[in-house]
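Enquirer: So the chains spell out like this:
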Amino acid sequence: MKSLAGKEPIPGTTIFEGRMAMKGYELNKMCFSFNKAENREAFMANEDAYCARYGLTEAQRTAVKSRDVLALLSLGGNIYYLAKLTGMFGLNMQDIGAQQAGISLEEFKARLLAAGETKNG
Amino acid sequence: MKSLAGKEPIPGTTIFEGRMAMKGYELNKMCFSFNKAENREAFMANEDAYCARYGLTEAQRTAVKSRDVLALLSLGGNIYYLAKLTGMFGLNMQDIGAQQAGISLEEFKARLLAAGETKNG
Amino acid sequence: MARLIGGVGSSHVPAIGNALEQGLQSDPYWKPFFDGYKPVWNWMEDKKPDVAILVYNDHGLNFFLDTMPTFAIGAASEYQNADEGWGLKPLDPFQGDPEFSWHLIDSLVHDEFDITMCQEMLVDHGFTVPMSLMWPNQKARDQVKVIPLCVNVVQYPFPTARRCLKLGEAIGKAVASFDKDLDVVILGTGGLSHQLDGERAGHTNRAFDTEFLEKLKSEPEWLLKYSNYELAEIVGPQGVEMIMWLIMRGALGNDIQELSRNYHIPISNTAAGVILFENDAI
Amino acid sequence: MARLIGGVGSSHVPAIGNALEQGLQSDPYWKPFFDGYKPVWNWMEDKKPDVAILVYNDHGLNFFLDTMPTFAIGAASEYQNADEGWGLKPLDPFQGDPEFSWHLIDSLVHDEFDITMCQEMLVDHGFTVPMSLMWPNQKARDQVKVIPLCVNVVQYPFPTARRCLKLGEAIGKAVASFDKDLDVVILGTGGLSHQLDGERAGHTNRAFDTEFLEKLKSEPEWLLKYSNYELAEIVGPQGVEMIMWLIMRGALGNDIQELSRNYHIPISNTAAGVILFENDAI
Ligand SMILES: [Fe+3]
Ligand SMILES: [Fe+3]
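Protein chains in written order, with my numbering: chain A, 449 to 569; chain B, 449 to 569; chain C, 7 to 288; chain D, 7 to 288.
Only chain A is shown next, with the shape it has when bound in the complex (with noise of 0.2 Å):
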């Protein structure tokens, strides 16, 4: 895209545009079916079934099987319909921001609280 055409990437951080949202398209069409608890329990009891019936690749179902949330972002997921997959698992937010960037839970945590403590956080 034009206008992020040239940028320098942002360490740590992938921007949902045009390529990775074609990329990741049944990936996050499958979460996106994971609003309606039908569907949760449907993949819920053959996850295989589940993620070959949505065309998803055999990468993204590996990825999906590990619950590995950087390798699905890199896959073309995106975060809000990820969580409605990793949600599944009983991962939240602070969960998967944890695994993200490779810290335990409390690690995590304590980070954010230390943001919150200083002047530039």
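Rather than coming from a laboratory, the hints here were simulated on the basis of the structure.
Here the structure is a predicted model, which means the values were calculated and not measured.
A virtual CB, placed ideally from N, CA and C, is assigned to each residue, including glycine.
One should not assume that every hint holds.
[Claimed, not checked] Here are a few chain D residues that face chain B, going by a calculated C-beta distance under 10 Å: (1) Trp47; (2) Asn48; (3) Ser83; (4) Gln86; (5) Asp89; (6) Val115; (7) Gln125; (8) Leu128; (9) Ala176; (10) Gly178; (11) Asn285.
Here the structure of chain A is known, so what remains is to put chains B, C and D with the ligands in place on it, guided by the hints.
Expert: Just chains B, C and D with the ligands, lined up with the frame of chain A:
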């Protein structure tokens, strides 16, 4: 609507704006469903039950039953959605044009042909 | 850089799709209409554009009143046509150019157009009829990539004629800034005067349509003096679709020639028009 | 005529919904956050607005990437909340004001904003959390009619900050021209700095947020010097939601007072802010 406030009504014409769009929401939604063959079949098999499922008003159901396009328009129907309803009864745009104009199909066609021959059609 | 080599204004009524399906091009009813497309066919065959930006409106296949965008642009690699309920046979899918779509969307949103982005969208007769009118031959059609631009002319308020002309100008700028060696055409479709609903069904207006066609090249702003409500009175509530021609016209800039024009009443319940512009700036 | 009596900027993270559900307002983690809302509660109780225009974004409940509008406005008599998949209990439906919605849409489209009109739309936590934050009491909440305005801050390109400020200005004009004796508030929600995705998850930026809050009353244009991409770097990709506060700010005009402000890190993974403006022109 501000942009329509105080305007003279256009003779023989209904503008499909907010008020009409709300009035006809369920009716148009039912008609929108007729894009799918299975929904057309379900309607044909039991018209009343199908109308009930979409929550049509009594007046709308009567207008549906009598395939009365002017009545359907006055009840909030939009011509593009209604065309999917009338299409099921074998009525095309010219058939319902004639029905609304209150003339025979031949007269309606002749009128259009005549417009093609004048300089001020 | 991509080049906008020209534009076509054209009707898109479903009856044309039927006529094409049944091969009625030489039938007395249809001949005066289809003859008007010969210059367009020759031009397309000569120029072989790579991409077509197709401005049209959905008539209740892809969009319902729950979510009715003013301007929606496709960003898919393929667009499917589908059953509209009253019997037109669905055509083969159309090939998109998602990279170009995203560039266009990005440029337009940056220029303050509030686009609805569609990575999946069904295209109805408003899209398919112009495609088969421009490229009646399936093979030629398959060689053109498409970008659907869908405009709300179904539920008031419609975008103003002025906004449509401006959108066209912004599209022209976006095409010129796309860094690919591509020849692009833009098609503005719908109209001309017609009225499908109400006691006045069948209304057309030759005098107004003729003036519109006459002024489109050199004075497109002429249409802006009419509100959409006034246009509905003059050319019928569905005739207002002609504002979509202004998007095409706006994209082309002012260094253009009119290569051909045709006007014919009636096609189904409508007055049908076609006009072909070539961009001299290219 | 309707009167825009004031505006509030507020966070809308789901964790707040949980805290309200569980009555954690006095909990040490939550107290510094909720204390910041006391002036807002008092003001709302005092002013009893009739209508709230609520600017927010959908996070994947009502809109999917097949059809992603830049600006969508509700025109329904009722808006339902629903299961978002990860356990926040749906709230009672919210009462709309469709006549006002249509007036707003009509005025905005006339002013060249390309609105997506929604006669049916589910509202997610981005909408419901600010509603229960402004009016924690169900009965008070039920007395406010709502107009949801949903902004794309999910899929690039987002509308520019400049476009958001202009939309706000056009909303201000539209409210002032609505011929009903109504007191209206506008809520700009989302933000402030936060990052949910990537290795940098948990990023916040107190310095920037503080400057943003400081300048919002008298120099809202300050934010326009940053592109959305630059903002993503500075306040995190989700922190860009703060552009929605500019819509609220733009609607209010320049004859306003700031009545209260609060800022607190952390609420869940975010920096949370709240600001209350009163319109002196009324
Ligand atoms: Fe049309
Ligand atoms: Fe948000």
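Enquirer: Against the earlier hints, flag every one the structure doesn't satisfy and list their numbers going up.
Expert: 1, 2, 4, 5, 8, 9, 10 and 11
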